[in-house]
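Student: Each chain, written out:
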Amino acid sequence: MTITDSPVNNGVNVEALLGAREALSAAPEAADFTWRASCTWRNGTHSRSTVTSFSGLGAEQQHRVTYEFDVDHPECFASEDNGATPVEYVLVGLAGCLTAGVAAVAQMRGIQLRSVTAAIEGQMNVLGILGADPDIRNGFEAVTVRFAIDADASREDLEALIAQSQKRSAVFDVVANPTKILVELA
Amino acid sequence: MMQTTAVVIGAGHAGLAMSRRLTDRSIDHVVLERGEVANSWRTQRWPSLRLLTPNWQTRLPGHPYAGDDPDGFMPAADLAAALTGYARRIGAPVRAATTVHAVRAAPHGYQIQAGDDLLHARAVVAATGACNQPVIPEVAAAVPPPMTTLTPPAYRNPGQLPDGGVLIVGASATGVQLAAEIHRSGRPVTLAAGEHVRLPRTYRGRDIFWWLEATGLLAERYDQIDDLTRARHLPSPQLTGTTPATMTDLNSLIAQGIRIVGRLGRITDGVAQFSGSLANTCALADLKMNRFLTRADEWATASGLNDELPPPHRCAPTHVDPRAPLELDLTSGEITTVLWATGFRPDHSWLDIPVRDRKGRIRHDGGVVTGAPGLYVLGLPVLRTRASTYIHGAAGDTHAVARHLHSYLGAARR
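Respectively, the protein sequence lines represent chains H and E. According to this note's numbering, the residues represented by the first sequence are 1 to 186, in order. According to this note's numbering, the residues represented by the second sequence are 1 to 414, in order.
If you're looking for bench data, these hints aren't it; they were derived computationally from the structure. Heads up, some of the hints might be wrong.
Distance condition first, Cα-Cα at most 27 Å in a straight line; then the derived BS3-like pairs of lysine-lysine [unchecked claim]: (1) K359/E to K180/H; (2) K359/E to K167/H; (3) K167/H to K180/H; (4) K288/E to K167/H.
Just some of the chain E residues that point at chain H, by a computed CB distance under 10 Å [said to hold, decoys possible]: (5) T148; (6) L278; (7) R358; (8) Y408.
C-beta: ideal position from N, C-alpha, C; glycine also.
Put together the whole structure using the sequences plus the hints.
Tutor: In structure tokens:
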């Protein structure tokens, strides 16, 4: 595979990714990252979360700027709709993660992308969260992602691209697989 | 203390092939074996198991397959008998019933504690196999009682299991073979499938291992494989050695009535939770299979064989049931047995030399152990080529390792 000679440019620094894989395999403790967000209740169902720092590579790291996210419920839930719902943020996270993966894998495989769009849907019956039907779960019954990709590649190559992006996706794993969660009082 | 030039530990196919190579080079050695020749094939394999590779491919140095069923698949017991015959024919100096307890560094070589004896050797070859211990995931501790749980080395036949449903965790060759056999016994099987390798048993009239060899895939060297870690940890392909050829891919198991669920993630309050990634793991397996079949077709065309062979075809995509459950209550009584077909690991615990990586695996360069001159390892997946995973790979591996060992002895003497 010749990466440096590749005319393909999806804006992904593949050499840095491959270098990181090698360096972090040799120093696995540097590969331990902690991701953070902090959330403050505003009013009603409205809260604001900020994301500014994380730790990794053996040090504290800062985002370039602090990012803010308003979270609320829509008006049909008798809320003020000051922001996206929490479950929509999950969809945002999954779509962003898979799309980043598509770009990185395409770069690695020498596929030039012209456009990538993803339509993502999570199906949910709210009788679960309302506690009205014990047989219905709180979370999504299913999530579907439909990618439209314009690129110099066969349909089979593009199918392989989205399959590999799922395989390497952190958020896909978080959504598809159980995760230990500890919620406690400070 | 007994002195010998080389000690080979393990009288399986790899250890015996190595013995033959050492004899060819007039290198004085013994083969230490905890049981008898082919011990794990006698004691740790279920009786119906047959090799994945066809008989014609099951060859050892100086010993091509000579039987009358080249396209058949050897049962474990027949392989044990074949290895016993091979040991006799090559005059392998096997010391049976001799368990190696420790190998330590010593001046000019290694000290081997074997049974009640101490041996000294200038070179040691670990050929104790890749499948000594079943790997069981941590989640096993959360299986609610009363439940029969077992691993493949303890499995003999479905009759040893209680009536009722069986959850088989893992969809490699072991998982799919046991799923088919146990389901046929009237015990409904649920198979939890993570990442897996799908291949057709035959393609265009030839066994798939004929294609794997002909296309050069099995000859790919360890130092030319892009992602060696991944290659060494690939699950075994979903194949069964049956004549006439039958498929044991997930579609065949579904047709048999077996329920396929995603990778087992967690067991909470007795409820097993399966990954929602089943559709993608199946899509990946289909893509990789088709990629290999395309390579096979291209090879056939390039070799001028295209017109002699039946035309190319593709298998139907794996049919993933969109209603496959994400949860299964293990306390309901529906499932009475959990069988862990979650892989194997080698047991090199007797090796008292700091040659392991952070995951406890021996660091080696194509069988030449790193940082321990005169120490070698054989019989591991993709040790030197992709063929190393299979019986016939020992021929090439032992050829290279014996050559290295021979020149090491020469250099150490000077």
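Student: Can the hint on T148/E be confirmed by a CB-to-CB distance to chain H that is less than 10 Å?
Tutor: violated (24 Å)
Student: Close enough to count: is the Cβ of R358/E nearer than 10 Å to one in chain H?
Tutor: holds (7 Å)
Student: Hint check: K359/E vs K180/H, CA-CA at most 27 Å. Holds or violated?
Tutor: holds (23 Å)
Student: Would the stated hint for L278/E survive a check requiring a Cβ distance to chain H of less than 10 Å?
Tutor: holds (9 Å)
Student: Next pair to validate is K359/E with K167/H; report whether the Cα-Cα distance is within 27 Å.
Tutor: Measuring from Cα to Cα gives roughly 22 Å; hence the hint holds.
Student: Keeping to a limit of 27 Å between CA atoms, is the pair of K167/H and K180/H held or broken?
Tutor: holds (20 Å)
Student: Would the pair K288/E and K167/H pass a check requiring their Cα atoms to be no farther apart than 27 Å?
Tutor: Roughly 13 Å separates the two Cα atoms, so the pair holds.
Student: Return the status of the interface hint for Y408/E: holds when the least beta-carbon distance to chain H is below 10 Å, violated otherwise.
Tutor: Hint on Y408/E: violated, closest Cβ of chain H at ~27 Å, above 10 Å.
Checked against the numbered hints above, the structure breaks hints 5, 8 and satisfies the rest.
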